[in-house]
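Protein chains: 4
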Amino acid sequence: MTGTLPDLTTEPSHFAADSRHWHPFTPYSDEVHLKVFTADVARNETAVMLRAEAGAQLGVHDHFGRVLAYTLRGRWSYAEHDWVSGPGDFVYEVANSQHTLVADPAEDIEMFIYVEGPIHFLGADGEIVGIETARTFADRYLRFCLDNGYPAPELNPY
Amino acid sequence: MTGTLPDLTTEPSHFAADSRHWHPFTPYSDEVHLKVFTADVARNETAVMLRAEAGAQLGVHDHFGRVLAYTLRGRWSYAEHDWVSGPGDFVYEVANSQHTLVADPAEDIEMFIYVEGPIHFLGADGEIVGIETARTFADRYLRFCLDNGYPAPELNPY
Amino acid sequence: MTGTLPDLTTEPSHFAADSRHWHPFTPYSDEVHLKVFTADVARNETAVMLRAEAGAQLGVHDHFGRVLAYTLRGRWSYAEHDWVSGPGDFVYEVANSQHTLVADPAEDIEMFIYVEGPIHFLGADGEIVGIETARTFADRYLRFCLDNGYPAPELNPY
Amino acid sequence: MTGTLPDLTTEPSHFAADSRHWHPFTPYSDEVHLKVFTADVARNETAVMLRAEAGAQLGVHDHFGRVLAYTLRGRWSYAEHDWVSGPGDFVYEVANSQHTLVADPAEDIEMFIYVEGPIHFLGADGEIVGIETARTFADRYLRFCLDNGYPAPELNPY
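Chains as they are written, first to last, in the numbering used here: chain A, 1 to 158; chain B, 159 to 316; chain C, 317 to 474; chain D, 475 to 632.
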């Protein structure tokens with residue numbers, strides 16, 4: 001038999017901390033910043049760092065997928081739940097839950113999060129004021145890079 | 159050492175075709191019926207049969223996750239794409255895509271679908287008229303069972 | 317601001333039933349045939365049709381991920397469990413389970429399956445005799461196409 | 475209509491850093507320790523901290539699913555690849571890849587990892603010397619708790 005099979009080999013991707021830029025989580029908050037590592041728009045999955053200033057709040061949001069959150073520094077909670085997450089803690093969030101992020105006033109917070117599915121941000125009457133997806137996370141960051149003269153990063157993890 | 163480990167054994171779950179009831183896909187269409195096998199509300203994943211009458215349409219919807227669709231009978235297409243799916247075909251849908259289901263007028267259609275993430279149904283001006291999740295699929299079917307005196311099915315797959 | 321964002325638009329992929337070829341599930345059985353729609357080697361996920369002759373068995377296998385199985389025709393069971401799956405039934409299999417497929421002697425079976433993670437095939441003493449992954453499913457089918465002069469199909473779903 | 479629907483409400487789970495114990499990654503290494511947050515044995519997914527002593531190596535392993543790895547301190551690499559991961563970096567690993575973890579000799583390393591699918595540890599001739607799954611991660615930690623008189627933790631995330 002002649003001919004060869006296509007090579008299907010894959011390998012891990014490394015994203016250095018300084019290969020991404022912090023950018024504001026517009027239009028939701030000036031006090032919350034993001035650093036997007038990867039955004040898989042076909043699966044709706046995003047690997048992203050989140051930083052919020054001490055005391056910042058991020059409006060009520062409604063999850064339609066899981067969020068895996070590992071806290072690096074500071075303490076934060078959800079107004080709707082009675083636990084507080086600090087450095088080294090892990091929070092496993094599920095679809096079908098709704099809450100309001102509150103950063104403790106004592107210190108800025110930073111966490112690594114893996115977001116699956118969209119997040120709806122809600123207004124005072126429960127109306128949808130914004131829908132975040134891997135696509136919007138990617139577009140916001142790509143726009144930021146374009147506006148600042150940075151080269152467009154490769155965000156699709158594979 | 160005394161004491162025993164918790165038993166973590168798992169096993170497959172079997173859902174017989176006649177263990178589920180067809181019910182209308184309210185409020186979207188009287189011509190489209192569903193049969194829900196499983197609904198994982200924490201992950202937002204639903205295994206469901208979909209039947210539509212010949213010629214039926216299901217309004218524009220916006221995907222926020224993947225849909226795996228295997229066609230059993232009839233032919234259907236998306237108004238926005240140029241292929242037609244018939245019996246034995248597989249359609250792999252991704253997040254971040256938007257389309258209108260059209261059943262061929264010659265024959266009723268039936269398919270097995272695995273839905274990940276929510277689906278937004280859109281109105282004439284692109285406004286959201288409904289959001290479907292594993293939770294809404296489950297609630298609709300559980301309500302149907304309750305209204306018809308059927309016992310509540312176990313929908314969580316594990 | 318000048319410049320444009322990369323276009324991140326995605327769309328569904330359609331795989332016609334006759335765009336794929338049945339091929340034997342070597343080396344496990346001459347009586348079991350596959351038709352691979354998609355194989356995502358980075359995620360280890362495969363969408364595949366499986367046909368087995370009436371009375372065929374597929375040796376003990378050990379699951380390391382989920383399998384979603386929708387039966388089209390014939391009846392089959394796992395020697396280790398007490399249910400029988402027939403046309404229209406759905407089976408939700410989980411990681412961490414081990415079993416032997418047995419096709420009912422009355423009729424050939426056919427099912428659509430979505431396989432996540434690897435499957436280990438085991439010998440008489442529980443030893444591993446084969447490991448199936450999206451990569452091996454892809455390689456087997458690509459080899460079959462090469463050997464028969466068919467063009468190499470695109471198997472990566474996105 | 476009388477009767478009520480089952481309540482399908484879900485909510486996030488918080489796992490405090492000090493609610494889990496470090497334990498050795500037996501039998502692979504005395505220099506590598508784990509702290510398991512969650513283990514979903516049906517999906518084969520594990521959220522776990524990994525610590526390795528400066529200069530430690532973890533034998534060749536073969537991935538059958540993705541691993542999401544966020545580095546907290548120290549520097550590490552894979553002998554087979556040419557990048558080095560340091561604090562704040564993210565590594566996205568895919569199925570179908572094989573490599574050897576090497577901790578930089580200057581400093582202990584620590585990372586948060588989310589492991590999907592099994593990992594095979596390989597011997598000098600490529601033979602399988604161990605298979606790690608959510609089940610083995612759970613069993614190892616539950617055994618450690620039992621042996622040390624700690625109560626058995628709840629590891630299933632939902």
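There may be inaccurate statements among the hints.
Stated by the list, open to error - Short derived list, chain C residues pointing at chain A, Cβ under 8 Å: (1) Gly371; (2) Arg451; (3) Leu458.
To be verified - In silico contact screen, one side only, chain A against chain D (beta carbon under 8 Å); selected entries: (4) Phe15; (5) Tyr70; (6) Gly74; (7) Val91; (8) Tyr92; (9) Ser97; (10) Thr100; (11) Phe144; (12) Asp147; (13) Tyr150.
Calculated directly from the structure, the hints in this document are not laboratory data.
Please read all numbers here as calculations on a predicted model, not as lab measurements.
Every residue, glycine too, gets a C-beta built ideally from N, C-alpha and C.
Hint numbers contradicted by this structure: 1, 6, 10, 11, 12, 13
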